[in-house]
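Visitor: Could you put together the complete structure from these sequences and hints?
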Amino acid sequence: GNSVTQMEGPVTLSEEAFLTINCTYTATGYPSLFWYVQYPGEGLQLLLKATKADDKGSNKGFEATYRKETTSFHLEKGSVQVSDSAVYFCALSFLRNTGNQFYFGTGTSLTVIP
Amino acid sequence: NAGVTQTPKFQVLKTGQSMTLQCAQDMNHEYMSWYRQDPGMGLRLIHYSVGAGITDQGEVPNGYNVSRSTTEDFPLRLLSAAPSQTSVYFCASSPHQGITDTQYFGPGTRLTVL
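Sequences listed follow chains A and U, in order.
Residue numbers are given in our numbering: position 15 of the first sequence equals residue 15, and the series is strictly consecutive.
So the number in our numbering is just where the residue sits in the second sequence, counting from 1, plus 1000.
If you're looking for bench data, these hints aren't it; they were derived computationally from the structure.
Note that the coordinates shown come from a computational prediction; the quantities given were computed from them, not determined experimentally.
Misleading hints may appear alongside valid ones.
In silico DMTMM-like cross-links for lysine to aspartate or glutamate, where the CA-CA straight-line distance does not exceed 25 Å [as the list claims (entries may be wrong)]: (1) 52(A) / 42(A); (2) 1009(U) / 42(A); (3) 68(A) / 1038(U); (4) 56(A) / 84(A); (5) 52(A) / 1038(U); (6) 56(A) / 1038(U); (7) 77(A) / 1101(U); (8) 56(A) / 1101(U); (9) 1014(U) / 1030(U); (10) 68(A) / 15(A); (11) 60(A) / 1030(U).
Guide: This is the structure:
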């Protein structure tokens, strides 16, 4: 079946530290991969995405590369800020005959301290 | 554009009661979906719709009904609420049913079943 496994949290970092949140997936076929971010009390919003192998998604200093050989889509940022404190979800989208379905990881909570 | 709106924001029910969670989008999106978010479980797909009159089940459909009579609205019905349905519910929409499409999330409904 299809599934997403992401790094357990919570993660606490100091401002300007390097961030990596690991994400691996299991999927049949060729899914698209996403990172969503959820700020406290809000719904999820797209952070970045990659739709085929070796694509790199990037936004707001965050990056992730779609690695088919390792079935991974790790999220990285070179220098985190306090405003990056949120919960991050890795997700995949694949096509069924009745439409596409998303599978989400369990989320990784990030706290950045000044 | 208001985007994806959900009502109510909070709801408390007693076991056995019924209710409908409302979801509307004003972006003329084909695809709409409902998720529940539980601690340690991430988001799980309940039902989805690829257009008016077409719905299908996701990962956790039991205890929930949906219908899609218009492009804009996608209500989620709980016919007989159970404590196991205590959760935060998110509605999402995307322009089409393609696997590369971004999903846009509503702010969520926090439901407690006593």
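Visitor: Could you run down the list of hints and mark each one as holding or not?
Guide: Taking the hints in turn, this is what the structure says about them:
Only pairs whose Cα atoms come within 25 Å are accepted, and residue 52(A) paired with residue 42(A) is rejected, the gap being roughly 29 Å. For a cut-off of 25 Å, the pair hint linking residue 1009(U) to residue 42(A) stands: about 11 Å separates their Cα positions. Only pairs whose Cα atoms come within 25 Å are accepted, and residue 68(A) paired with residue 1038(U) is rejected, the gap being roughly 29 Å. Using a Cα cut-off of 25 Å, the hinted pair residue 56(A) and residue 84(A) holds, with the two alpha carbons roughly 20 Å apart.
With a C-alpha separation of about 30 Å, the suggested pair residue 52(A) and residue 1038(U) falls outside the 25 Å cut-off, and the hint is violated. Distance restraint check for residue 56(A) and residue 1038(U): the Cα-Cα separation of roughly 30 Å exceeds the 25 Å cut-off, and the hinted pair is therefore not satisfied. A distance of roughly 24 Å separates the Cα atoms of residue 77(A) and residue 1101(U); the hinted pair therefore holds under the 25 Å criterion. Proximity of residue 56(A) to residue 1101(U) is assessed by CA-CA distance (about 16 Å); at most 25 Å being required, the pair is judged to hold.
At roughly 34 Å between alpha-carbon atoms, residue 1014(U) and residue 1030(U) are farther apart than 25 Å, so this suggested pair is violated. Restraint check for residue 68(A) and residue 15(A): the C-alpha separation of about 32 Å exceeds 25 Å, so the hint is violated. Restraint check for residue 60(A) and residue 1030(U): the C-alpha separation of about 28 Å exceeds 25 Å, so the hint is violated.
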